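There are 2 protein chains.
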Amino acid sequence: MSDSCNTCSAAGTCSGESCPPELTEAQKASRIGKVVAIMSGKGGVGKSSVTGMLAVSLRRQGYKVGILDADITGPSIPKIFGVKDKANVVPAGVIPPTSSSGIKIMSLNLMLENEDDPVIWRGPIIAQILNQFWTDVVWGELDYLLLDLPPGTGDVPITIFQSLPVDGLVVVTSPQQLANMVVRKAIKMAKKYDPRFYGLIENMAYVECPHCQERMEIFGKPQGQAEAARSEIPYLGELPVDPALATLSDAGKIEEYQSPAFDEIGRRLAEELKKNVTLNPSKLNLKM
Amino acid sequence: MSDSCNTCSAAGTCSGESCPPELTEAQKASRIGKVVAIMSGKGGVGKSSVTGMLAVSLRRQGYKVGILDADITGPSIPKIFGVKDKANVVPAGVIPPTSSSGIKIMSLNLMLENEDDPVIWRGPIIAQILNQFWTDVVWGELDYLLLDLPPGTGDVPITIFQSLPVDGLVVVTSPQQLANMVVRKAIKMAKKYDPRFYGLIENMAYVECPHCQERMEIFGKPQGQAEAARSEIPYLGELPVDPALATLSDAGKIEEYQSPAFDEIGRRLAEELKKNVTLNPSKLNLKM
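Going down the list, the sequences are from chains A and B. Read the first sequence against full-length UniProt numbering and you will find it ends at 288, with the numbers running on by one and no gaps. Read the second sequence against full-length UniProt numbering and you will find it ends at 288, with the numbers running on by one and no gaps.
Note that these hints are calculated values from the structure, not bench results. Please note that the accuracy of each hint is not assured.
Identical copies look the same in the list; a pair holds intra-copy or inter-copy alike.
To be verified - Derived lysine-lysine pairs resembling DSSO-like cross-links, with alpha carbons at most 30 Å apart:
id: 1; residue 1: Lys64; residue 2: Lys221
id: 2; residue 1: Lys275; residue 2: Lys86
id: 3; residue 1: Lys191; residue 2: Lys221
id: 4; residue 1: Lys84; residue 2: Lys191
id: 5; residue 1: Lys253; residue 2: Lys28
id: 6; residue 1: Lys275; residue 2: Lys221
id: 7; residue 1: Lys191; residue 2: Lys86
id: 8; residue 1: Lys28; residue 2: Lys221
id: 9; residue 1: Lys28; residue 2: Lys188
id: 10; residue 1: Lys84; residue 2: Lys221
id: 11; residue 1: Lys192; residue 2: Lys253
id: 12; residue 1: Lys188; residue 2: Lys84
id: 13; residue 1: Lys84; residue 2: Lys275
id: 14; residue 1: Lys64; residue 2: Lys191
id: 15; residue 1: Lys86; residue 2: Lys274
id: 16; residue 1: Lys191; residue 2: Lys274
In this text the structure is predicted, and so the values were computed from the model without any measurement.
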């Protein structure tokens, strides 16, 4: 035992072969049940809206929920929740602002002076920020922490899968074959890291004409169910393009959105998530 | 003069202070009028579709056009043009496949075994690939090379602005305020590199019900014209979500798409591009 073992949380229980990193103060003050990454590979399929609505749905079902906005260069989460408070930095770490229904939110946009300031950073700096969102944010006790991933299969998803203890994934797709091709890239990438897939949601499946109630499949014929079967992922359901959601999101009021289709998807996801819930403090260590 | 000056294309004309990089064989065989980056910052606003249609429109107007698909981890261009031939590597460089109307296309997807194989690469490797798409592809003579940028303000846009001789930008946005916020990040980022802005296009401005012809603003009230004025960028026009475009894109037949709205935008862009056209071989050097 070295001197540093005296203050280590794993003292006496570790194998002594490799020294786990010390827990930060923020991590000691946090307990997170499951870490769920929401990914699509393709941009603009409504992943951030779906992430927001999943958080709202889980919150309505009584769970304690946080969102880590991992889309560092294109963050949307604070805006759709109307969260304008800056993140508060205290000696123990960064305190995430809370939405009106009590969802804890951390996003780089909560640390910028103006919400439309760009962050012109290459991958290594973005990876470092992501790690800090994990190690230095005082999440407190959460049942579920949702990670809103950016598009692509580059630095951010690689860092998330390699460094953060992701329990599983929700995949968001849209009907266009083009989107499906790119989403399949993301699924194939994720499978290399062997996470659990909690489900696939097909967003933007159709639009309903408010005038004549015609159902229009504006991006082509929905194929989420077939894609889910093909990729062996539970199919959670389809969602329309709903102008009401766009309006509420722009107004920062996504928590007021009501949608029976989404309620059903939220219930199905909660069922998947409930399987093997663990409150595992050791997960708070970074893998790297 | 050093020995290497004997074979240098800039011999006798350079200041002698800094040695420009040697042109590659591929660059010696290429002459590109203008390099135009299509960017949005936000994913899924239809940037690749707009890039494809701009290329089609310029081709229909008689120009020689190429597309460099800079969305390395989420490439869409080959699919919408139905280009399935792999890129051909010869001693002089990489020969880009040509679409049915004669548009030259280079994309990482033309070098993968399966179109849905992911590339799980961090930024430095992606930057290297982008540079090679510039230095090692035999573009031949082109009036315009369009670069289809990925979402975000990270490695790819940084590399493009720092290393490639971009003449100017076309910005693609969509009505949602959320999208606008992220697009403004990209505009602010681009302005740091002082390029020319050829114009702003608002995509997905509305959907027309095929049953009752109701115009639905499914993502909110269009605000592209106001955003263009605010950012001091020429406004090129708005486009609807058109299921016919999605269907043709999925079938690899984007060149068959007919749209009066797009024709008008293509004509306006061509006007902007025609100002100060230069065929400048020295631009073929990387800036870095």
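Structure-based check of all given hints:
| no. | hint | in the structure |
| --- | --- | --- |
| 1 | Lys64 - Lys221 | neither (36 Å within a copy, 35 Å between copies) |
| 2 | Lys275 - Lys86 | neither (35 Å within a copy, 45 Å between copies) |
| 3 | Lys191 - Lys221 | within (26 Å within a copy, 40 Å between copies) |
| 4 | Lys84 - Lys191 | between (36 Å within a copy, 26 Å between copies) |
| 5 | Lys253 - Lys28 | neither (32 Å within a copy, 56 Å between copies) |
| 6 | Lys275 - Lys221 | neither (32 Å within a copy, 43 Å between copies) |
| 7 | Lys191 - Lys86 | between (36 Å within a copy, 26 Å between copies) |
| 8 | Lys28 - Lys221 | neither (48 Å within a copy, 46 Å between copies) |
| 9 | Lys28 - Lys188 | neither (34 Å within a copy, 39 Å between copies) |
| 10 | Lys84 - Lys221 | between (38 Å within a copy, 23 Å between copies) |
| 11 | Lys192 - Lys253 | neither (37 Å within a copy, 33 Å between copies) |
| 12 | Lys188 - Lys84 | between (36 Å within a copy, 21 Å between copies) |
| 13 | Lys84 - Lys275 | neither (35 Å within a copy, 43 Å between copies) |
| 14 | Lys64 - Lys191 | within (28 Å within a copy, 42 Å between copies) |
| 15 | Lys86 - Lys274 | neither (32 Å within a copy, 46 Å between copies) |
| 16 | Lys191 - Lys274 | within (22 Å within a copy, 48 Å between copies) |
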